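Peer 1: The primary structure of each chain is shown beneath.
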Amino acid sequence: METAPQFFRHGPGPLARLVFFALLSLLLMAIDTRFKYLPEIRQTIAVVIYPLQRLAHLPTAIYDQVSGLFVSRNLIDEIAYLRQQHLADQGQLQRLLALEAENMQLRNLLEAGQRAESKTTMAEILYIPHDPFSRKAILDKGSQAGIQPGQVVVDDAGVVGQITRVYPWLSEVTLITDKDHSVPVQLVRSGLRSMVSGTGEDGTLELRYLAANADIQDGDLLVTSGIDGIYPPGLPVALVSKIESNAAYAFARITCTPAAGVNRNRQVLILSPLPPVPERPMDPVEAKPEDKKRGKVGIR
Amino acid sequence: MAFVNSSQQEVLSHVRSRFIVLSLTTALLLNLLPLQGVALLLRPDFVALVVLYWSINQPQRAGMSMAFTMGLLMDVGDASIFGQHALAYSVMAFVALLLHRRLRIFSLRKQVPQVGLLLLSAQLVMLLTGLLASANLPGWDFFLASVSGALLWPLLPALVKIPQRRKPDSDAL
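Protein chains in written order, with the working numbering: chain Y, 1 to 300; chain D, 1 to 173.
Rather than coming from a laboratory, the hints here were simulated on the basis of the structure.
The reader is advised that the hints may include incorrect statements.
Covered by chain D, according to a simulated footprint, are these stretches of chain Y (three or more residues, beta-carbon under 8 Å) [unchecked claim]: (1) 15–25; (2) 49–63; (3) 124–136; (4) 165–179.
Chain D is nowhere near these chain Y residues, computed Cβ spacing over 12 Å in every case [claimed, not checked]: (5) Ala-30; (6) Asp-89; (7) Gln-105; (8) Gly-146; (9) Asp-156; (10) Ser-190; (11) Gly-200; (12) Pro-232; (13) Ser-245; (14) Tyr-249.
Treat the numbers as computed from the prediction; the structure is a model and nothing was measured.
Backbone N, C-alpha and C define an ideal beta-carbon position, used for all residues, glycine too.
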């Protein structure tokens, strides 16, 4: 490598440096993907760039403030609309309260475990990274606000995703459209349970491994089934948008549209983690006599 | 490492290394802007552009270590695999260091296609590492960022030199 004149050259040449940095970054990537060992370095860098992330969000925040000053005429309409909405919601809420009480009584009668109420934290989407390899969003609440990895993020329409990485003041949500993300769901109409997985594309989800003759229709609503112990049951996830069943394949190709979307609104809710699921029953080989007792607890 | 190539240079160009840092910070800021949809697709990688600018115009001081560091910052900012941007920027800076003399012969406008190729090389490295980590293949529009970046190139020297013309404001960033 005779590109740099002797005069300026200090230390190793460009090729040596390239090899060094390439090896270093390959090592970092391997450690990050395979072993997840580097939280400290990431945390440090995250703190370094945090002011920039906040600053980058400033124009939007200012825009919100300023446009808030100019919409006083719309405000009257909006208040009227919200009042109406509030009334409608209130009506539904009354029914919900009654149902909840009834549900609790029935559950008491059945000696079933109580459904946990979840608390929520409001957060705002700071920005969406331009990364074609994953679907993520950055939220403005982090471990300082008590956010933990694994918490579920929803908006007003349904599930948005799951917190996968937490920094002191920020957190990363992996959206349900991410290729490596799946949500256990249940069809509202037929009660069929399945998993809905992201495709890596915006606005499409996939129900994999459902038999071609499964009871499923266009427009079916999928809600979380709650059997995973992470997603609380009953949150809307997606609508079935296309079903292709081909006799050549054992499974139907079912495409869904997510109910929520990060492109729609910036405010989201982070649900508090659910109480830990009951312990998995012991393997039957080890604990035959206890089987019956444990089985009762496990079923909800 | 690259910033402190020689103590003599350091003294002579103390202000300029501040400009380098300032321009890189601004680029990082621009990369973190909350954009959506088409704007996000078309947004050039400002950090890659500025890294490229300095590795072509100040190859003695802004080298691969700067590219690598900026890559790590972008990795955290973009929530990608740790080291992905770092590798891409290092490779790009390496090619830029090899070609910087040849590149500087051309006028800014004639540099556009070559810069486009350099940016594309960084994106290709990103693509390869992304695929290795079992990610899905992004659409062709992934490469639009290189095109828009290259088109922005002729404006870049003027933009980077803005703070150098004025009295540097100690409060700026």
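Peer 1: State for each hint whether it applies.
Peer 2: Status of the hints after comparison with the structure:
1. Coverage of the segment 15–25 of chain Y by chain D holds [criterion: at least 3 residues with CB-CB distance below 8 Å; count 7].
2. Check result for the segment 49–63 of chain Y against chain D: holds, 8 residues qualifying (beta carbon to beta carbon below 8 Å, three or more required).
3. Residues of the segment 124–136 of chain Y with a Cβ under 8 Å from some Cβ of chain D number 11, which satisfies the need for three, so the listed coverage holds.
4. Closer than 8 Å: that is the beta-carbon criterion, and the segment 165–179 of chain Y has 3 residues meeting it against chain D, so the requirement of 3 holds.
5. Listed as outside the interface, Ala-30 (chain Y) is inconsistent with that label: its C-beta sits roughly 8 Å from the nearest C-beta of chain D, within the 12 Å cut-off.
6. Interface exclusion of Asp-89 (chain Y) from chain D stands, the closest Cβ pair being 28 Å apart, more than 12 Å.
7. At the 12 Å boundary, the C-beta of Gln-105 (chain Y) stays outside the reach of chain D, the nearest C-beta of that chain being 46 Å off.
8. Taking the minimum C-beta to C-beta distance to chain D, about 21 Å, the non-interface status of Gly-146 (chain Y) holds against the 12 Å cut.
9. Once the 12 Å rule is applied to beta carbons, Asp-156 (chain Y) is consistent with being away from chain D; the minimum gap is 18 Å.
10. The claim that Ser-190 (chain Y) lies off the interface holds: its Cβ sits roughly 30 Å from the closest Cβ of chain D, which is beyond the 12 Å cut-off.
11. Not every Cβ of chain D is farther than 12 Å from the Cβ of Gly-200 (chain Y); the closest lies at roughly 4 Å, contradicting the non-interface assignment.
12. Taking the minimum C-beta to C-beta distance to chain D, about 25 Å, the non-interface status of Pro-232 (chain Y) holds against the 12 Å cut.
13. Residue-level check passed: Ser-245 (chain Y) sits 24 Å from the nearest beta carbon of chain D, beyond 12 Å.
14. Under the 12 Å C-beta cut-off, the non-interface status given to Tyr-249 (chain Y) relative to chain D holds; the minimum distance is some 20 Å.
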